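Work the whole structure out from these sequences, hints included.
Those sequence lines, one after another, are chains G and B. What the first sequence shows, in numbering that gives the first Met the number 0, is residues 0 to 93, in sequence order. What the second sequence shows, in numbering that gives the first Met the number 0, is residues 0 to 560, in sequence order.
Read the hints as simulated data drawn from the structure, not as lab findings. Nothing here was measured: the structure is a model prediction, and the numbers come from that model. We put the CB at the ideal spot given by N, CA and C, even for glycine. Don't take every hint at face value.
Unchecked claim - In silico SDA-like pairs for lysine to any residue, Cα to Cα no more than 20 Å straight-line:
id, chain 1, residue 1, chain 2, residue 2
1, G, Lys46, B, Lys230
2, G, Lys43, B, Asp119
3, B, Lys116, G, Thr50
4, G, Lys43, B, Ser68
5, G, Lys46, B, Lys93
6, B, Lys123, G, Thr47
7, G, Lys43, B, Lys230
8, B, Lys230, G, Asn26
Said to hold, decoys possible - Listed next, the stretches of chain G that the computed footprint assigns to chain B, with coverage defined by at least 3 CB atoms under 8 Å from CB atoms of chain B:
id, stretch
9, 15 to 22
10, 38 to 52
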Amino acid sequence: MKKAVTFITLVIGIIFVLSIIQIVVSNKLSTTGIVLGGLQDQIKTYKTENTLLAQQLLVLSSYNTIASSAADLGFITSKSPIVLSAPLPLAIRP
Amino acid sequence: MKWRYRLSLFVFLGLFFLIITRLFYWQVVKAEELSAMGASQYGKQIVISPERGEIRTSDGFPIASNKISYLLYANPKEISEVDKEKISIILSEKLSLDPASVSAQLRQDLFWVPIEKNIDVSVKDELEKLTLTGVGFEEQYVRFYPEASMAAQLIGFVGKNDTGEDKGYFGIEGYYDRQLRGKGGVAIQIDDAVGRPILAKMNNDSGRINGRNLTLTVDRAIQFLVERKLKKGIENFGAVSGMVIIMDPKTGSILSMASFPSFDPRSYRDYDVNTYKNPLITNLYEPGSTFKALIMAAGIDSKVVKPDTKCPICASPLSIGGYEVRTWNNQYKKDIDMTEVIIHSDNTGMVYVSQQLGIDRMLDYLKKFGIGDLTGVDLQGEVSVGLRPSKNWYPIDVATLSFGQGISVTPIELLSAFSSLANGGKRMEPHIVKEIQTPEGQIITIPPKLVGQPVSEATAKVMTEILVNAVDKGEAQFAKIKGYRVAGKTGTAQIPIAGHYDPTKTIASFIGFAPAQDPKFAMLVVIDRPTSSIYGAETAAPVFFDIARDLFAHYGIAPSQ
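And the structure:
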C-alpha cells in the first residue's frame, strides 16, 4: 500500500515537473517568432538585392552595352584580322 | 414513483443523444469547414508564383531572364476620404497616371485594388518613403531581356493567357512554354495573436516548381555580328527586309537566326503582329538559282550527268510548252559543261539536267533533301508546302523547278537541304535548344539527329568543288574573301504576282558553306526586294562574305590559300 502511494506520488510529481518544463519551453519558443520573422525579412531583402544586382550585371555585360561603350571610347571595328600562323599543308612528306 | 425515475432517465438519455448528435455534426460533418476557418484566423495562405526558366545562349548568357518588379495596390477601406484625394494626386504624379482613374480605383468598396504594375524598384523605394496609408506593393517577376531585341523573333515573347497567367508565344517561348513555365505553389504561414510568425508549421511551401532553363545552340557573338551586318546590308541595298540563318552542317545546330524588320519583346504590343513571326521558318519564297545546287547534286548522284558532261541544248533559249526559257543574262554557250552551268547559273543547262533526271527522280531526291516537309526545328510556327504529285507537273513546271522557280520553300528548309552537301551527303535535323536544365540541376542534353542521306559522300565532295568554282569564277567572285575556299551559289529569284513574275523586283540570296574542306558553318542570306541592284551577286553575296570574314576570325580559321 505504501509502495503504491509512493509510486503514484512519484508519477504525479513527474507529470508536474514535465508540465512546468513544457510551459517554460513553449514560452521561450513562442517569442522566437520575432527573431524568425526578422531573419526571414533579411533573407527576402538579400534575395531581392541579389536579383537586382544580377539584373544590372547582365545589362552591363550585354554585347549591346559593351559595343556602345566601346564606340563611345573610340574603338572601331577591325577591318582585317592579322594571321600569325600559316595553315598546315594537306600532306607532309616525312 | 417508478415511472418518475424512468421518465427522468429517458429525458437525460434523450438530451445526451441530442448532444452527441450535435457533436457529431460539428466535429465530423463540418470538420473541414471549421478547420479552414480556424486556419484562416491564425494563418494566411500565400500564393507563390514560380520563376520562369531562363533562355541562355551557348555561352551561358541569359538572353531571356526574369527581373523583379512591383505591383502597386491599395486598400480603399483603410484610406480615409480626405486622404484618398491626396494619395490619388501623389500616385498619379509619381507614376504618370491619370489622376481621375487612380481616384476612381480608390473609391471602390473593396479591400484590394490594383493601381499599377511593372513598377521599378527605385520608384517603389521612393513611394515607400512617403508611408502612404493603405498602399502596398506585391513583388512579381517579369520577363527581362538583357540584350534588348537581339534574336527577338527567335525567342518570342511572354504574354498572358485567358486566365491572366504568363504564357509564351512564338519562337522558343512558345514552343517550350511548358518547360519554361514551372508550377505555382501555396505557402501557409501561421501567426501568433499579434501577427508574428511562429516556429511550428512555418512556411509550408508546397508544390512550387520553378521553370526549366534552356541553353541554345545560338552563339551570342555570332548573333550580334549577324544582326549588325544584316541591318547595314538592308540599309545599303535599299531592301524591304532581309534574313540570315547560319547552321553547323555537321550537327544541325542553329548558330544564328536574324531577320529585319523585327520587334522588341519588352514592348511587343507596340509592334505590328506580323513582326512576331520568324520569317526564316514561316515565310515561303521561290529560291531561284540557289536551288540549282540540289538539282545538280541529284543529277550527279543518280549518274545521269557528270561535272564534265556537256549540254547539247544550251546554245540558245529553249522552247518548252509554249514558253521560252532564257539565261539571266541572255548569253548562251554551246557545249557548256555542268560545272560551268553552276558557275554561270545557266538556266538552260539546268533544264537539261531536269530532262535527264525526269520528274519522278527529281521529286524523289527533293523529298530526300527534305523539300516539301517540315524540318522539325524546335520553334513554334514552322510551315511547309508539300510537293505536288508527279502527274500534276507540266513540262514547263519541271523546267522551272530545275532553276528554283515555281516551287516555294522556307529559308530553313533550303539551308537544311543544302547543308547536307557540307556534311558528306548527310542531312541533320536543325535544332535550337541543346540542353535543358531542371530546377534540381539535372542537365538533359538534346543530341544531334541524322534524318537522312539524300546523296552519297562522293557526290557531296564533287558538288563542294563545283560550288567552290562557282564562288571563285562566278558572278560573286568580286565579293569573295581572298585566301579562303568557300562553296556557294548566288540566287536572284523573281517574285510572282497575279499569275506572272514582276520584272523589277527580286529576292536576292546567297547560300554557302566554309571552309569548303572542313565546313564550320553553312549560311543563307536573303535580301528581299533590294533596290540598288536586283542581283544576289551584288547584294546578298557581299553580306554573306562580310559575315563570313568575321566568322573566320571568330573560329580562328586561317586562310588556306
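Hints and how they fare:
no.	hint	result
1	Lys46(G) with Lys230(B)	39 Å, violated
2	Lys43(G) with Asp119(B)	17 Å, holds
3	Lys116(B) with Thr50(G)	18 Å, holds
4	Lys43(G) with Ser68(B)	14 Å, holds
5	Lys46(G) with Lys93(B)	26 Å, violated
6	Lys123(B) with Thr47(G)	13 Å, holds
7	Lys43(G) with Lys230(B)	43 Å, violated
8	Lys230(B) with Asn26(G)	70 Å, violated
9	15 to 22	violated (count 0)
10	38 to 52	holds (count 4)
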